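Enquirer: Could you build all of it, start to finish, from the sequences and the hints given here?
Same order as they appear, the protein sequences are chains A and B. In terms of this note's numbering, the first sequence is residues 32 to 277. In terms of this note's numbering, the second sequence is residues 681 to 1363.
No wet-lab data here; the hints were simulated from the structure. Take these hints with a grain of salt, some might be off.
In the PhoX-like style, the derived pairs of lysine-lysine whose C-alpha atoms are separated by at most 25 Å in a straight line are [unchecked claim]:
| # | chain 1 | residue 1 | chain 2 | residue 2 |
| --- | --- | --- | --- | --- |
| 1 | B | LYS1298 | A | LYS181 |
| 2 | B | LYS1128 | B | LYS872 |
| 3 | B | LYS858 | A | LYS181 |
Facing chain A, a subset of chain B residues (Cβ under 8 Å, in silico) [stated by the list, open to error]:
| # | residue |
| --- | --- |
| 4 | ASP1140 |
| 5 | SER1282 |
| 6 | SER1288 |
Nothing here was measured: the structure is a model prediction, and the numbers come from that model. From the three backbone atoms N, C-alpha and C, an ideal C-beta is built for every residue, glycine too.
What follows is each chain in one-letter form.
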Amino acid sequence: MKVTIRWRIFFAIALLFISVGCTSKPEPASALKPTGFGATLVESSGGKQLGATGMVLADPLVVQVNDEQGTAVAGALVEFTGPSGVIFDPASGLTDSSGQLSTAVALGGIAGRYQLSAHTATKSHKPAELKIQELALEYQQQVGFQLDNKYCARCHNPESTPERVSNYDNLEVKPHLFTEGDTLNKMTDAELIAIISHGGPALNKSALMPPYGYTLSKTEIEALISYIRLVSDPPYQAPGTVYARK
Amino acid sequence: MKNAWQRMWRTCFGDPVRAFGVVSLLLLMLLLIAPAKNHFSEWRRYQKQYLALTANRGDAVTLQRHLHEHDGIQQIWLPQIGVVDRCTTCHVGLKEASLADVTIQPFRRHPVIPHTLDQYGCVMCHRGQGPATTVEEAHRSTLAWEQPILPARYVQSSCGQCHRVPLTGTPQLNLGRKMLARYGCVHCHTIKLPDGSSIKPTDDPPSLEHLADKTTREWIYAWLKNPQGYAVTATMPNFKLSDPDARDISAFLIASSTPIPGDTAPVGGSEKMPDPVAGASLYGESFCASCHAVQNAAGNIVGGDVGPELTRVGNKVKPEWLQVWLRNPRVYDPGTAMPHYRFSDPQVLLLTAFLGNKADSDLLTDVHLDAATPEQIAHGKLLVTEYGCASCHEINGIKKPDNFAPDLTRIGSKPLTQIIFLPGMAHAIPDYIAGKIRQPRSFGAALKMPQFSLAPAQIDALTTALLAFTDRAHDLPMALTVPARPASDYLPAGKAGQLMADLACFSCHAINGHGGDMAPDLTWEGSSVQRPWLQAFLKNPGTLRPALIRRMPKFNLSDDDAKELTDYIMTVYQTPTFDRDAMPLSGYPPAQVEQGRQLFYSKYACQSCHIVDTKADKGYIGPTLTQVGSRLNAAWIYHWLKDPQTMRPGTIEPNRNMNDEDDRAVTAFLMAQKGSSKQEAKK
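Expert: Next comes the structure, spelled out in structure tokens:
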């Protein structure tokens, strides 16, 4: 009898310790106290970037907190969240005098689209959210992206940079942008290989698309297709059995 | 209590037979530990989980057969490179392409890379402890194994262990390597490459020998305090100097400066400075922005990064110095990348006024320095020596120190015991390197390494490049490495060579492997172009590629100089593969020209990138071909069309695999495009 009572006391103490241990687990409470509250969050720069899996994006993600009138709010607390594997540095912070907060984003280890979000508390304590999309590329897609930059983007991308002026607007037959999923997703890998290797006429399309089969290697063309499939919007679904996801 | 023990002892070991039985039983139980440990091991659990994961998939039979063919502990053993990997014991699906949708580890397939697992194993790229068979031991550092798994963000460093040439798929590593040379890291730190050479800096920190003629002590003070406050793109790091230290260093630099040797006479007729705005068009015509950037009102940096940013250059340089510099930069700095433009005196004045106006009135308002005392100058000299300023800059009276900072030749394998980590920092090399680049002085206030202003992506790139300098990279068999192209120090000789150095041709053009990449490679220019065109172009460069922002500037060459250069280029820079005069420059049959036109516009659709008819064609990618028949040699066009990449490696014109007849016809058509020089000048 005596033994059982002692055990009970022991258990009670143990339980107490366990429960205390669980509840007092330090919450990662941010030490930052917001001094301003905005109404909306807008993206300043850094969205829609292409980066390598697991690596920091070239440009930081910058968001801005505005109030109802659209003027920037300083000292508002912004927190960034994303799928597992995404690292923000810093993950939260207060906006500066121009109402902006900048964070370095490292994407996760899996290639594909990453939906990131930024949150801020508003005056009415209703959180405002901003969704930002970034793309992570695997090695092969990274190679494809570089090739796209060098060879394809001058015609297939209407945007110009100082180093690469786009010729898209000058072409009589408009090339498909690589993001045009509605068109490109209907083409098989074999068709894409044919049109890249042998030019537009291979698929009865414009001769303005020259053949690259004597310039690019087979591996390079595969890399290019892997990249095209990744940036496609709506996303590309590979043909064949769709397996149950676990 | 004592009785109970005695009773138990008697029950077990009362007589010899009983004792033997009990001892045997105990031994048996002990023997069972090993198989039990094996049975309940981590890797068996993972292999079972894999079977469960794949059971519902369409190709379950194939996937599971692959596992059963290789169940148990797996090992990749590559004695030549010292790799013993058992990673594939748990990472069972690495080679299964159909597992592309699996996101949980350790069952993801490996992304497609140019190497196979059996060739190089896993730890070559990912590091960590290959022979380990538990998650903890394989991935983290243990007492017996310092090197944990390399975080994915630095994985490109592993490519750099063998590949010494830039790869298409490793932009981060390429950037890091470029930055090691461009940001001057290797002025202070020695980095020897496995082939015995050292990384050479590609920045060109200015000599400070004649500094007092160029700028004021106030500007030096402000610059030393915060270089990025003057120009956001400045690569000079912040040494976090105290006010008195900056005061004393500026005092010493001014005191040690000597006058510029050579012709520094002021430009005549400078009583009245021209209107600052008037120089803008000359600044544009001279394509200064190809090399120099300016920050515009929106805060964007516009222009090249070969020369320094000019946003506030009026705060920095004295107008007298600017005139000397613009007239001939080589008077002040014989090795500068800036060409000698041969501006006329009124042009020099125009540009001086224009650049002098690029100033920020607030920059130096707070700087008030009293006349320097000899003690301050002496203290400044001491500081200049201590901070190793002469590692980068030439300074009168200070010798360039050797090995000023630690050698980084094997930094990627530095033993952890030699490193002092910051509190809270993970005990791993990548964290140490990145931390050191991010905030060098946080490792100790007395450290001399200055604060660089780098973006997070740049810090990662530098860390990646440094992590590639491992023991393994140095000890690899040469047969397994992809060596860097040997650096070329080619410089042309003679009078033409002097002229080319004076015009700094190599700042933009490469010849025989030496030079910049802003403008076309000129190694075979003599085979490519016709003499009259080249001579006229050097005198007055026209536009070949209308869409380009960076273009060849006009150097105001004399007829003699243009002829000298033309002669040299036409004679020396010829390809050994064909004779440039093998085909006639004109006189092709009209039928062949017409056939060429057809091919040009229909079969090969060259107009998507080139312009022959300025009214109809809109191809702004390649050079305009309206007068290509007066510019290029027929034999060059013929060989170029056959295979552009062999004529100029890296050109983006695709190889069209033309047959000989088509090639000759298109060549004939292009040679018929003689244009008129007037039309060219207008564009």
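Enquirer: Could you work out which of the previously given hints the structure breaks and list their numbers from low to high?
Expert: none
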